[in-house]
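Asks: Using the sequences and the hints given, assemble the complete structure.
Protein sequence lines correspond, in order, to chains A and B. No gaps in the numbering here: position 23 of the first sequence is 23 in the working numbering, and each next residue is one more. Numbering-wise, the working numbering comes out as the position in the second sequence, counting from 1, plus 1000.
This list has only true hints and no planted wrong ones.
DEER-style ranges, computed between Cβ atoms: (1) A:Arg-96 with B:Asp-1280: 37 to 45 Å; (2) A:Val-92 with B:Tyr-1309: 20 to 28 Å; (3) B:Ala-1020 with A:Arg-8: 23 to 31 Å.
SDA-like cross-link-like pairs, simulated, lysine to any residue; straight-line CA separation at most 20 Å: (4) B:Lys-1037 with A:Arg-96; (5) B:Lys-1037 with A:Tyr-95; (6) B:Lys-1260 with B:His-1249.
Residues from chain A that face chain B, not an exhaustive set, calculated with beta carbons under 8 Å: (7) Phe-49; (8) Gln-53; (9) His-70; (10) Leu-77; (11) Gly-80; (12) Thr-81; (13) Leu-85; (14) Thr-88; (15) Trp-91.
No lab work stands behind these hints: they were computed from the structure. Ideal Cβ placement from N, Cα and C applies to all residues, glycine included.
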Amino acid sequence: MTEGTASRRQVVVGVVLGILLLPLPLVLEFAYFHGTGTLDVVFHAVVFFGAIQAFAILPASLCFYVAGKHGVVRGLLYFGTFAALCNTVLWVFVYRGLFNARIY
Amino acid sequence: MLARMRLRTVFLIYMLSTAAAIVAPYAMTTIVNARRKTIPVNSEPPQEPAPVPQLRSMWSGDGPACSASNGTIYYANGKQSDGGDPGANIQPFDDSLRSDFRTCAVSGDGTVYKVGSADGGPLSLNALEPTAQLKWSVPAQEVCSRPALGPDGSVYLVSRTRAGTTILTGYGAGGSKLWETPIGGTGWHLTAPVIAANGTIYVSATSQLVAIESTGREIWRVSVANSGPENVSGLIVGDDGRIFVQVFHGVVAFNERGEKLWEFLADNQDLDGGIALGGDGTLYLASRFLYALDKTGKPKWDFKSELTYTKRDYFGHQPIIAKDGTIYANTLRDQLYAITPDGRKKWLVSGEPRAVKRAWGQPMLTRDGMLVTNAGWFAVASGLATTGWPSESHDNSNSRRQENP
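Replies: Now the structure itself:
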């Protein structure tokens, strides 16, 4: 197996690469589900954020892992983790309003 | 520290955070729904204790269908009782006719009109004396609405022929066929006609409202709704000539010239109960909630069953309006409510009575203040309203006719 290399520069490259890959799942998700108006916003969002990880971060990480660029892999995973945590916080924020909804 | 972390650990954290992001909306939805179920909905105490029901188990789940002006109540299972205690002296109307009063209507002179068959034969429209003697009988189609009664003894019936044509037929007081008008429409659910105070007959043809003169001539025809499923499930006419059409989860109002006045659509995924019109022009729609709409179709208030969010309860029965403005409405989960005209809980009887194990079903409010249900009756403050369109068929005789104000 290729001996992995890691450096601060590679980690930064991985993070930047993760950011650049973001639009890809958006395009995929939009192309696939466009016109299916019955899907609600929550489902769209789940598909999108799931697709970020499934179609962008993970495949790219696998490629760089095989190439031994462990630093880039770390960078991608750091960014993916950051994006997922942000997403979780976003959901909590969105649903927070429902907790206070007045029901009479 | 991040740089020294093993790649396997970084990957594990990444996977966990990704899983959290995907699961988060579902988890939040579950938590929010669980919390909503704990929130007391419409939990204000009732303004007065509910009247004690006089339970009767003999009605076999067949509720009151119509009543005559002398107080006689005819039940869907073919039985009748005289006035006073509606649970007493229940007897068969006529065994030989195998009476079934689900489509009955009673004219002012006590003649009982009903669509039915004798001993499993073909359907017919029958006019019967209060003594059950047959006055006249005419053949009817296999699919018929309930009849509407004109002021002069005429009877109007919507039916669907074997050829698939929906027709409105007018019969004279003696049972002679006066005319027959095709009204179009493709649905098998036929909404019974209603008659305005000026004699105009309104019928629905799937998604159209049709106005017909008492001579059978079509006056106008309009499309009912612009959005959503459009099958008409109920019609009522106001004292002022406005026509209210109950569509799937909503109401559309028209004036007597067929011009659309307003449309109200409720947020509902279940069946609707029905519509009723108060004497002050307030329209009530029993749906997911009980909605009170003003003359412009704007909601004045809505009233929720206490089990709306916990048991997905909704108002699945026709609302009834009393003379004092109280609205009586039963829900799918047998929450029988009396509601004040300003939308407050007057009283509630929760759940079907265990003693008779029968659902309350669709209540009927007699003119002297007895709320008769499938499982028993209540003595309430006042009888059925005499203005507006206070019950499904306008009055307990099921005339489906608006009186002159």
